[in-house]
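Number of protein chains: 2
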Amino acid sequence: MKKILYGSILYSATPNEVKEFKNSYLVLRDDLIVGIYERASDIPSEFNDAILLDYRDKLIIPGFVDLHLHAPQFQITGFQMDLELLDWLNYYVFPEERKYSNLSYADKSYDSFVASLKNSLSCYFSIFGSIHKDSDLLLMDKLEESGLVSFVGKVNMDRNSPDYLTENTNTSMNETISFFEKCRGKYKNTYPIVTPRFIPSCSDALMKMLGEYAMANELPIQSHLDENPNEVSWVKELLPKSKSYTEAYKSFSCLNERTIMAHCVWNNDEELRLIKEAKAFIAHCPTSNSNLSSGIAPIRKYLDLGLNVGLGSDIAAGHTLDMLEIMDNSIEMSKMYWRYVDNKYKPISFNEAFYLATVGGGSYFGSVGRLEPGYEASILVLDDSLLQEGYYLDTLIERLERISYTKKYKLLCKLVRGKKII
Amino acid sequence: MKKILYGSILYSATPNEVKEFKNSYLVLRDDLIVGIYERASDIPSEFNDAILLDYRDKLIIPGFVDLHLHAPQFQITGFQMDLELLDWLNYYVFPEERKYSNLSYADKSYDSFVASLKNSLSCYFSIFGSIHKDSDLLLMDKLEESGLVSFVGKVNMDRNSPDYLTENTNTSMNETISFFEKCRGKYKNTYPIVTPRFIPSCSDALMKMLGEYAMANELPIQSHLDENPNEVSWVKELLPKSKSYTEAYKSFSCLNERTIMAHCVWNNDEELRLIKEAKAFIAHCPTSNSNLSSGIAPIRKYLDLGLNVGLGSDIAAGHTLDMLEIMDNSIEMSKMYWRYVDNKYKPISFNEAFYLATVGGGSYFGSVGRLEPGYEASILVLDDSLLQEGYYLDTLIERLERISYTKKYKLLCKLVRGKKII
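Quick mapping for you: the protein sequence lines, in order, are chains A and B. Residue numbers for the first sequence follow the numbering used here, so the first one is 1076 and each next one is one higher. Residue numbers for the second sequence follow the numbering used here, so the first one is 1076 and each next one is one higher.
It cannot be assumed that every hint is accurate.
A pair counts as met if it fits within one copy or between any two copies, since identical chains are not told apart.
To be verified - Capping the alpha-carbon separation at 27 Å, the derived lysine-lysine pairs in BS3-like fashion look like this:
| hint | residue 1 | residue 2 |
| --- | --- | --- |
| 1 | 1078 | 1283 |
| 2 | 1495 | 1483 |
| 3 | 1419 | 1193 |
| 4 | 1495 | 1482 |
| 5 | 1174 | 1483 |
| 6 | 1261 | 1419 |
| 7 | 1174 | 1351 |
The set of hints was computed from the structure by calculation and includes no laboratory data. Remember, predicted model here, so these are calculated numbers, not experimental data.
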C-alpha cells in the first residue's frame, strides 16, 4: 500500500543533527519509508496513485520508543513514590504484581494498559510482565491486536521475594521455555524476551539457565542494572566473587547486543566498558530515577562513549508514558548532573533527547527511529497550530521542544509499521 | 450569596497534616468559607436556601497560588532553555520583553496570557510585568476582568541591561509612582507591587528610592534572590561592601513581611536568618531552577526553619503554569537534593508540596489556602472518576497525588473569592 504524508517533517539523524523538511512529502510503501521529497514533482511516478494525507504545517516525526516499562504496575502509576527501590518493591509493587495470578484481573487491567499505550506517543515498547505466564500471554494477545510493536517478558524470580512471588527454580525455567514455545509463530509485532527481574531476585542457577537458553537460541534479554545504591551493595553481598554487577550479568551470558539493561545510574567505568564491548542497550529512565530517589544516570557520558542508549518510561516507578515529558525530564536531570555531580558532563540538548527517544531506543528494534529510506514507517503527526498562531516559530525542532514542554498540541495521526492506529 | 459544594474535600492544614472529608458539604457565604459539614443535617438552617452544587465523589481542594511569574515572557514558554540565567536573559528574554513597548503586541499577548491563567489551577498570582507601565496597566485591566486575584509589578531596570530596556533612574522611579497612582481605587482583585528586577539591573540609587517608597507606603515588593551562582558572584562584585545579596536587599529596605523573593537557591545560613527575621516570602520555582541549570533550593531546610515559602511557575524559565506539575517537580528536586547535596534533608512529601502550593503561598494573600471558616472561597473541583473506576483509592490525598502525576482528570469548577470563573 502506498501512502504520502504531506507536512513539516523532522527527525534526529544523529545526536548532533536534526533533519527538517518544511511542508514536504514523506512517501511510504507498506510498512517502510521510501523517502522525503520537497516538491511533488520529485516523487517517483509509481506513487501517482498513492493515498495523500494532507497535514500541511503540522509536525511529522518518528514514533517514539519506550525501552522499559512494567505492565503489571500500570494500575499503581502516579502515587506511592515515597520510598527507595527495594522498599518500594516490597511495600507497593509486589502486592500489586501478585494480583496477576488472577487472569480476570489481568484481563481488565491489561485492557486499560494497552489502550493507554495505543493512545501514547510511543510505537515500540519493551515490557516486563509478571511471573504469571498466562497473564503475560494475554497481554501479548492484546498488544498484537493493538498494532503496536513490543517485546514482552515473563518475569523470573526465585529468591529474596515474597512467597507469593517466588518461583521454584526449575519451574521458573520451564515456564519460560513454555512461554517462548507458546509465542512461536503466533504474533507478527509481539515478541517474547527473556526477563530475569534482577540479580537479587534470581539465583545463580536460574540466571545461568536463562542466560544459556537465551544464548543458545539467540534470544533478546532485559533486566535491571545499577539502579539504586542499596541494590548495588546488595548485589555485591550476594555475589562477593563478581567484580561488579555488570560483570555478573556477563558471567551469566546475559550481556550482549540483544540485551536491554534498565537504569545504569551507578555503573563504574569498568562496567561501562563491558556494556560498550557487549553492545548492550541501556534504557535510561529519568522520571523513575528521580521518583525513587535513585540518582541521575550520566547520560552525556553515555553519549560521549557511544553506548547504545534509549529512554524508558519505567511505569510505575516512572509516572508517565508521555515520551515528550520523559525527554524533558532527561534534559532537566542532565542539568542537575552537570550542576551537582560533575561539570565535565554538560547538559544534553533537546535534539539529543529526541535522538534517544527515537533512534537511540529504535536501534534495538532494527531500522527504527529515522525517517530515512528503508526505515520502518512508524510516524506521528502533531498539531501545534494554536501555538503557532500565538507566537510563530520557524525551526521545527523548536516547535517540537515547545509542545514537549507546554503539552499544548493534538496527536492527529499515529502510524505503526505503516498501519494507522490513531 | 450562599453556596454549598458537595463532594470529597481535602486541604493541607499544616505541612504534616492533611484534612480529608469524604462526600461532605463545604458551605460558602459570598467570598468566604463558612465551614465543612459531614452531614446535611449539621448545616446551619440559614443555608437552607443556598445553591447546592453536587460534585459527589469528586475532589474539592483549595485553588493554588502562583507566587512568581513573568507575564511578558509568556510567549516564549517551553523552548530556548539551553543557557544559564544571565545569558538566557540577554539572548532570549530581553528581546522579547522589549516588544511590550508596543501596546498592540501587549494587548494580543496578554489576552492569551490571562486566558491561560484563567484556565489554570491557580487562583492567586504575583506577576512581573515589563518596564512598560502602559502595558502593565493593560495587563491589570485584563486580570481584573478575569476574576483572578493578582499582584502585578511594573519592572524597574536602570543598569546592566540592553539600551532598549534601560530606564533613566528618575524616570524609572517616577513611572513607578505614576503606576501606583493609576491603580489607586481602580481594581478589586488586582494590586500593584514594587518590582525591582534584581540588584544587577537596578542601581543603588534606584533600589534605595524604591525601598523607601515601599516602606513609606507599606507597599508589597517582589524581586529575585540567589538564583544562580554567576548572578550571586556578580552581585558580590557590584556591592563589595554588602555582607550578602540578602543583606543588600535589606539595606535597601526591600526585605520585610510584604516581600516575595523568587528562587533563594544559593542563600547561606546568615541570609536565611535575615529572611526569617524579616518574615519575607520565598517563591520556590523548581521547574525554572532545573530548566536554567540554576540548582535546587533546599526546600526541606526552609520548611524546618519555618520560613514563609510558596511555589512559583516562573514562566518562562519555568515551562508550565500547572501547579500540580510544579508540586511534583518540587518533590523530585528535593529527592535529588537529598541524594546529591545533603542527605540531612529528606525529600518532601506530596502533602508538603500541596501545603506549599496552597497555604505556603496563600499566606501572602491573607487567609488563603485552607478550607477553614473565614478563609477565602477559592476552590477547585477535580474529576478523577475514570482513574477511580480503574483502580479505586481510598485516601483523598493519594487521589490528588495520582492526578498530579498522571494528569488524567478534568477541572470541573474553579471558584475565585466565591465567584465561579470556570
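Taking the hints in turn, this is what the structure says about them:
Taking the closest pair of Cα atoms, residue 1078 and residue 1283 never come within 27 Å of each other, the shortest separation being 47 Å inside a single copy and 68 Å across copies. In this assembly of identical chains, the alpha carbons of residue 1495 and residue 1483 lie at most 27 Å apart whether taken from the same copy (23 Å) or from different copies (25 Å). Within a single copy, residue 1419 and residue 1193 get their C-alpha atoms no closer than 39 Å, and across copies no closer than 43 Å, so neither meets the 27 Å cut-off. Within a single copy, residue 1495 and residue 1482 get their C-alpha atoms as close as 23 Å, and across copies as close as 26 Å, so both meet the 27 Å cut-off.
Taking the shortest alpha-carbon separations for residue 1174 and residue 1483, only the inter-copy value of 24 Å comes in at or below 27 Å, while the best intra-copy value is 37 Å. Taking the shortest Cα distances, residue 1261 and residue 1419 never come within 27 Å of each other, neither inside one copy (49 Å) nor across copies (54 Å). With identical chains, the CA atoms of residue 1174 and residue 1351 are never at most 27 Å apart, being 38 Å at best within one copy and 50 Å at best between copies.
Checked against the numbered hints given earlier, this structure breaks hints 1, 3, 6, 7; the rest are met.
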